[in-house]
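Residue numbers (my numbering), protein chains in the order written: chain A, 1 to 668; chain B, 1 to 159.
Since the hints were made in silico from the structure, they are not lab data. We treat Cβ as the ideally placed atom computed from N, Cα and C, and that holds for glycine. One thing to keep in mind: the hints can contain errors.
As the list claims (entries may be wrong) - Ranges of calculated distance between the beta carbons of each label pair, as one might list FRET restraints: (1) A:Ala453 with B:Val24: 41 to 51 Å; (2) A:Asp526 with B:Arg63: 16 to 26 Å; (3) B:Arg63 with A:Pro584: 24 to 34 Å; (4) B:Arg63 with A:Asp534: 20 to 30 Å; (5) B:Ser16 with A:Ala121: 56 to 66 Å.
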Amino acid sequence: MAPSLSELQQQLLGTFLEESYEGLDNLESGLLGLESSEDGSVAINDIFRAAHSLKGGAATFGFAGLTELAHEMETVLDDVRAGKRVVTPALSSLLLQGVDGLRALLADVRQGLPADATAFAALISQLRAVSKQPKHTDAPVTSKSTVAATRAAPGTWHIKLKAAASILSSGNEPLRLFRELGSLGQLQVSCDATDVPPLSTLEPETCYLSWAMTVSGNITRGQIEDVFAWVADECQLDISSSATTKESDPSAASAAPVRVESGARNAEEPLESIRVSVGKVDQLMNMVGELVITQSMLGELEDDGPIDRARLARIREGLSLLARNTRSLQDSVMRLRSIPVSIVFARFPRLVRDTSQSLNKKVDLRLTGQTTEVDKTVLEKLSDPLVHLVRNSLDHGVEGPQERLAAGKPESGTIELRAYHRGGDIVVEVEDDGRGLSRERILDKARRVGLVADDADLDDNAVYDLIFAPGFSTAESVTDLSGRGVGMDVVRKNIRTLGGDVSVTTKPGKGTKVCLRVPLTLAIIDGQLVRLGDYHYVVPLLSIVESIQVDPKFVMRVDGRIPAYRLRDEVVRMVDLAKVLAIPVAKNEASDRLMVVVESDGEKIGLLVDELLAQQQVVVKSLETNFDHVDGVSGATVLGDGGIAFILDIVVLGRLSRRRSALGLVAA
Amino acid sequence: MSLAAVAPSAVSHAASTLQILTFVVNGDEYGVDILSVQEIRGWAQPMPIPNAPPSVRGVINIRGEIVPIVDLRSILGLPERRPDETTVVVVLRDHNTPPRVLGTIVDAMADVMDITREAIKPLPTFETTGVTVGVVTLPEKMISLLNPNALLPPRKASV
Numbered sequence: 001m002a003p004s005l006s007e008l009q010q011q012l013l014g015t016f017l018e019e020s021y022e023g024l025d026n027l028e029s030g031l032l033g034l035e036s037s038e039d040g041s042v043a044i045n046d047i048f049r050a051a052h053s054l055k056g057g058a059a060t061f062g063f064a065g066l067t068e069l070a071h072e073m074e075t076v077l078d079d080v081r082a083g084k085r086v087v088t089p090a091l092s093s094l095l096l097q098g099v100d101g102l103r104a105l106l107a108d109v110r111q112g113l114p115a116d117a118t119a120f121a122a123l124i125s126q127l128r129a130v131s132k133q134p135k136h137t138d139a140p141v142t143s144k145s146t147v148a149a150t151r152a153a154p155g156t157w158h159i160k161l162k163a164a165a166s167i168l169s170s171g172n173e174p175l176r177l178f179r180e181l182g183s184l185g186q187l188q189v190s191c192d193a194t195d196v197p198p199l200s201t202l203e204p205e206t207c208y209l210s211w212a213m214t215v216s217g218n219i220t221r222g223q224i225e226d227v228f229a230w231v232a233d234e235c236q237l238d239i240s241s242s243a244t245t246k247e248s249d250p251s252a253a254s255a256a257p258v259r260v261e262s263g264a265r266n267a268e269e270p271l272e273s274i275r276v277s278v279g280k281v282d283q284l285m286n287m288v289g290e291l292v293i294t295q296s297m298l299g300e301l302e303d304d305g306p307i308d309r310a311r312l313a314r315i316r317e318g319l320s321l322l323a324r325n326t327r328s329l330q331d332s333v334m335r336l337r338s339i340p341v342s343i344v345f346a347r348f349p350r351l352v353r354d355t356s357q358s359l360n361k362k363v364d365l366r367l368t369g370q371t372t373e374v375d376k377t378v379l380e381k382l383s384d385p386l387v388h389l390v391r392n393s394l395d396h397g398v399e400g401p402q403e404r405l406a407a408g409k410p411e412s413g414t415i416e417l418r419a420y421h422r423g424g425d426i427v428v429e430v431e432d433d434g435r436g437l438s439r440e441r442i443l444d445k446a447r448r449v450g451l452v453a454d455d456a457d458l459d460d461n462a463v464y465d466l467i468f469a470p471g472f473s474t475a476e477s478v479t480d481l482s483g484r485g486v487g488m489d490v491v492r493k494n495i496r497t498l499g500g501d502v503s504v505t506t507k508p509g510k511g512t513k514v515c516l517r518v519p520l521t522l523a524i525i526d527g528q529l530v531r532l533g534d535y536h537y538v539v540p541l542l543s544i545v546e547s548i549q550v551d552p553k554f555v556m557r558v559d560g561r562i563p564a565y566r567l568r569d570e571v572v573r574m575v576d577l578a579k580v581l582a583i584p585v586a587k588n589e590a591s592d593r594l595m596v597v598v599e600s601d602g603e604k605i606g607l608l609v610d611e612l613l614a615q616q617q618v619v620v621k622s623l624e625t626n627f628d629h630v631d632g633v634s635g636a637t638v639l640g641d642g643g644i645a646f647i648l649d650i651v652v653l654g655r656l657s658r659r660r661s662a663l664g665l666v667a668a
Numbered sequence: 001m002s003l004a005a006v007a008p009s010a011v012s013h014a015a016s017t018l019q020i021l022t023f024v025v026n027g028d029e030y031g032v033d034i035l036s037v038q039e040i041r042g043w044a045q046p047m048p049i050p051n052a053p054p055s056v057r058g059v060i061n062i063r064g065e066i067v068p069i070v071d072l073r074s075i076l077g078l079p080e081r082r083p084d085e086t087t088v089v090v091v092l093r094d095h096n097t098p099p100r101v102l103g104t105i106v107d108a109m110a111d112v113m114d115i116t117r118e119a120i121k122p123l124p125t126f127e128t129t130g131v132t133v134g135v136v137t138l139p140e141k142m143i144s145l146l147n148p149n150a151l152l153p154p155r156k157a158s159v
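Just chain A, with the same shape it has in the complex (with noise of 0.2 Å):
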């Protein structure tokens, strides 16, 4: 981009981008779309709209790099729109290229670097070469104007349009609509105005009226739609022809108001902006307002004058109004930081299409729960991990068609992506109903590169663990998918980092389901904080279900060696923190403390204290940015006195002491 651009240009052309990519992750998913079902045409309109789009505002800006490719994607999909051309997988996959290619072009225009379209060279003249292929209908062609001009049949179109109130103050301007479609044939407007209400309550900016139009003349359905493409969203719009019954798509035109609100975004671009929904924002503005009340509550208090009772108690007041301000206001801001999991979840649709098609395999893909919202940072690390779980899937997990049917399964795959919230974690699953993780051939590599002994008697989850050692992988040849043993341990890695944990589970045969468990957020967290023996840690909030003083009447021991607990009418096992955490503390007799009772893995487990002290936020402070990873601590926070205290990690601790009952460690 040569010329240098006024703080206006610069504005818009940052709009541009914005919509750009939107408009592109909408094609790309609705070419996607496309392949997958049957009936293409909402799908069609969306797409067609997008590239359309994106070609008129790169001409505005003059990249002509861009606009000739979004040129070439148009025309064919105009033809496709047309209904004159199938979308075959050849053609789609060469549209995708087209989308991969205009993203490169937008990355090149963000960079400030000449959008040059050179090297999209042979795939534009592949465009052109496909949109020069005779169509499946009679007539050679060879541009799209003399396309339409030959096919459509003389004939009259009807057309309806209600045109949304707010049409106005988006600068679209009916009568421009009605000029540009007399000027396909001859037009006969007739206006409802029906709706227009008494003079005193009219607003003068909103549009109160429909249309009903007649044109007459050779033109197709695909013309009278370009005219209505720039408000095809702001209104309802209902196209017929009384001349012919060919064009017997209904729903092409009634589909516009239909926005594909899928937000993808490759997630290889790096998120420099977030949407934000108004209601999110007010509220932000609300709590200010609040803090500046109190805030001037305390300025009030500024002066010299004595501190007397009346001043202290309302110093008291304002301390207490601010404490809740704050928080509030942390609140808000962490909304505004959580975006749904779609983001990362719409790559993956093209990703999963991409690989099975190189790998020969037939593959569906489900996305449930794609309106969890996660914290921004987390989402982002989330990314690659799910990337290589789903490759893994692919590559791994789901067989061949053969095997499959051999094995008496549908023919193709399905691997799911399922996000929730489950306490104060998001959990992410990756399940594949595939062959399954193989004990032996997970034994039998682990012994090969001496993971483990060979005489070594492992239970199952200990062997599918072993997936997640490094430089582990038994795929028995290296593609470029993945088999080269640095995907899940680095997965792994990477969650632990997130203070998060991975756990897989399999049945032989039937499928593995990857888990992902990661704190909704990073910054700060609820806690409660517990002394034990000299030292505090912090049990996360949202996992205590509630503390109790320990009634030794109700304590007893399970196969006579595990401490267990009557919670009314349930059994809890008690963990004795100081031996799982390995503190010293003085004073041992369970009788005289307290359980926390807190839910781990989805059981109740009571963690034994000392002292229940305040309920607190925490900033949490990473354990590995100058150590290691701790299992059973997922951080460290600093308190009010400049001490630290671990926050614990009440899952892992679930597990850690679980271990320990099985090595009858627990003799309390």
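Position chain B against the provided structure of chain A, taking the given hints into account.
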């Protein structure tokens, strides 16, 4: 053999002389390149880390940063000693990228001195802990030069 060949990261290379900070542990004098020293702090009880190796005494808070504290005596296999008023914590940055900050407990501070690279002698070849990377020979005494990278246990593999 030069020290650089023994442990390339143990000392900065720029000049032919370097400054070292020396301290006393169990009656012997040890030193580190002063450029890796961040600060020196008085002794304060650290927060013990669950299931950490015995040489890691815990973590302390240095201006909001969580910093692990190692005991040089424990690393070197020397007998324990109760912290007293001369006990200090030398806070170092090691040579990893990004550097890890750690504190090491020593019996007492000794000196800051300039030494020439020629004064650093390679170690005789017998089994060491890897913590000492060279010996500075001065007319009146010898100082073991420490490698800050060897003080913390290596990061666990991810299992």
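Hint check:
1. Here the CB-CB span from Ala453 (chain A) to Val24 (chain B) is close to 44 Å, well matched to the stated 41 to 51 Å.
2. Distance hint check: the CB atoms of Asp526 (chain A) and Arg63 (chain B) are about 25 Å apart, consistent with the given range 16 to 26 Å.
3. Under the hint 24 to 34 Å, the C-beta atoms of Arg63 (chain B) and Pro584 (chain A), about 28 Å apart, fit the expected range.
4. The supplied range of 20 to 30 Å is met by Arg63 (chain B) and Asp534 (chain A), whose beta-carbon atoms lie about 23 Å from each other.
5. One distance hint, 56 to 66 Å for the beta-carbon pair Ser16 (chain B) and Ala121 (chain A), holds here, with the actual separation near 59 Å.
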